Amino acid sequence: MKLLANRPEKEIGIKLDPMLFELLAKFQEIELEDVEMDVGDLEIWLQPSATAISQITPKLITPKAKPTTIIEVEFTPPLEQYPGQIVEVKLGATKSEGGTRGRNIILGGEKSPAFCMFENPMPNPPVISLDVFDMRIPLAKAVKMHVAEVMEDPAAWAKLAVEKFGADMVTLHLISIDPLQKDTSPEEAVKTVEEVVQAVDVPLIIGGCGDPKKDLAVFEKVAETFSGERFLLSSITHDMDVEKAALTAKKHGHVVLSFTPMDMNLARELNRKLYEFIPKDHIVMDTTTAALGYGLEYAFTIMERARLAALMGDQELQHPMSSGTTNAWAAREAWMKMAPEWGPRELRGPIWETITALTLLFAGVDLFMMMHPAAVKTLKDVVNELLSGHSGRAERIAEWITVRT
Amino acid sequence: MAEIRKKGFKELSPIDVYMLLPKTNCKECGFDNCMAFAAKVVNREINIKDCPPLLTKQFKKQYQQLSEMLKPAVKEITIGTGEKAVKIGGKLVMYRHEFAYFNPTPIAIDVTDEMSEGEIVNRVKQTEEFSYVYIGQTLKLNMIAIRSTSNDPEKFKAAVKKVIENTSLPLILCSFDPNVIESGLMAAPKSRPLIYAATKENWREMAELALMYDCPLTVFAPNDLKLLRSLTKTLLEYGVKDLVLDPGTFPTEGLADTINNFTIIRRAACKHGDELFGFPIIGVPMTAWLDKSDSPAEVVMWKEAYLAGMLIVRYADLLIMHSLEGWVLLPNMILRQNIYTDPRKPVAVEPGLRTFGNPNENSPVMMTTNFALTYYTVASDIEASGVDSYLIVVDTEGIAVDSAVAGRKLTAEKVAEAIKESEIENKVKHRKIIIPGKAARLSGEIEQLSGWEVIVGPKDSSGIPAFLQQKWGK
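As you go down the protein sequences, you meet chains A and B in turn. FYI, the numbering for the first sequence is 11 to 415, going by our numbering. FYI, the numbering for the second sequence is 56 to 529, going by our numbering.
Honestly, I wouldn't trust all of these hints.
Said to hold, decoys possible - Under 10 Å between C-beta atoms, here's a sample of chain A residues computed to sit facing chain B:
no., residue
1, Met155
2, Lys192
3, Pro196
4, Thr247
5, Asp273
6, Gly303
7, Leu371
8, Ala408
Just so you know, these hints were derived from the structure itself, not from any lab. Values in this document were obtained by computation on a predicted structure and should not be read as measured data. Glycine residues also receive a C-beta, built at the ideal position from the N, C-alpha and C atoms.
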């Protein structure tokens, strides 16, 4: 009814004392919603003079009785059913399974969007793998301070990641094999893997350097030497000889990470190629992670869409998802010295990685490849709390209003 | 799929809107015809109020029908008045890829009625002044939440007065005692604060206050969705139209309930047309401070920071926070900006050749991607260097350098092509291109394909000024 109140008075056809008009305008605003009266009607009512107000008042008010007690209504949670389900992929093989790992880890199996626990329980908790590099690399100061001692010893680094930082798995990045770096041989890579295999008994991810030819050569050698360990080979890409890579993994009992840019069609395409050579439950997918502030929303949305499409029945996207969450450190706000009001980078960096991880947790990521111990601990704590089934105390949180900080 | 939709947002087509427009192609709206206007309306780029004939008596019925048809699943509610008023809710969809999210989650910072005047003024000032420039936008904090820790109406009134003397930011008045709230409302006339909160005990008094002062009202029913829904129904019947829902933010124990409840409420509203849950949700990461016990402040702030992040992603339409630390707020303000970016529009700039200063035939030539953030960051670093330069912006479909290299959106072929198309060969005598450190992998191939010598630049563009001075100066 603001419409009427805002119109010039002459259009309404009467002249009101300003205060009265204000009162009236307020009055109309309240009541007209209920009685559905027309502007036209009102013009008639109001003529010929403002004295009409006292007369119309009783007619206009058709007060609904205000409730005096709470009106109880039912509530049924909006549950849905999904025709699709994410496959379960097993990482790592124990002695009885033909490997040497102390335990295996199962990813995936979801029947609902991520953490819709009111609908379906999360069948397998998301898992964290810590990054270990096979050569000294430049790291953000906040990360380096935790691993400075072990940066040239991948085995010691892996041990630290598992025993001190609580990693479920370790990703051994064989970056020294890069022809643009040290160009180390597949045999040398095997030696490094052997050291890490001896040092820790968690399932392992074997990371390449990003050169499709060299990575494949190394994967072949590592896969064969550690036959039956059920490593996750990270990663298989479109520009690699997909057939050769997949057959190598299959032959020696490993699983693969299907890595594509942020594009659902490219992910489907690569998975389709892989299906020709390797069972569906041997494939984890990664549609690329961008840092908070540096394209995280693309990464988030592609993953969320892929997961929902998979649940709706898209057969080619029904894989557990992995995220290179370490990419969060690409954000300069994570590592750069900034003015004092932005806080020390020792806090800014890990919170950047934490929030990047938590954002993607809700998109459906099952496997996080991470870097900073505080980010790892927080993600683990949050996941444990979410899956604990514990309820909060309602009366307690009401106290936030009066809490003294 | 057993999905019951009352009125699916996605089904709405321009034709549906067109049918209710005057169909006279009068062009008063600035578009050529009613169909073009209808398409803009469906895309939410324009409001039906921009069609003048539709506002006349003749089309009253159609206007109402259209308003109903276009009504978002989550009601849009205005808090505050004037320039700094904030709108919350107004969500059309549950997932951002289904359309776009509107009304980025405002962040309110708290003060209490037991803080000294100096402390109140100081916190308000800090809140007002907090800002960060990101991709050409200034990110800001948005509101002040005043908590009555004293439970004394007079103290609360004084605190509210102090706050409004110092800011025009919209307010949230927080107390479960209607007397306290009323004295706060009297101290803040016509400023339309959000009242926090109506509960199963005080709802009638709070409803009266909301009606009397024409304010939106929060409904607080921690971890009890049936009660929340019943209270909402009751308050609507009472005549309070603008509600905000608080199912409770549990910082640690009960976090699962919080995530479940936020998700259920939003799904009920967006996917099942539940009008009682079709209101904005408020998250209170400040509850982290309830757990503080003996923890150092950093630990509590850390929890508050990541709780805020989780709630921004999981459907919170408004947040109340305590920490004013930059490292707590910055990642959340950037996350909010990211999540609320319109996914229909890629965050990219036009590819092509850019010049900085007055470059000549000896000036350096650099290369980067067309992701907006990358481009703006690189551009500002080149400007900071003060070196006259050329920059070739390669079309990577709006993806940053490292992701673009990994995802093959930035390839040697694309770089070679961009060099050629830029006609830079007619502008400089040398044949040297500086590429981002994160694209070092492409060096050899770029040299082969383009015939240019590649110089690998710094991994982060903040190194550009030093790099240009050291490497190019010589």
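Evaluated hints:
no.	hint	verdict
1	Met155	16 Å, violated
2	Lys192	15 Å, violated
3	Pro196	20 Å, violated
4	Thr247	8 Å, holds
5	Asp273	8 Å, holds
6	Gly303	4 Å, holds
7	Leu371	8 Å, holds
8	Ala408	7 Å, holds
Of the numbered hints given earlier, the model fails hints 1, 2 and 3; all others are met.
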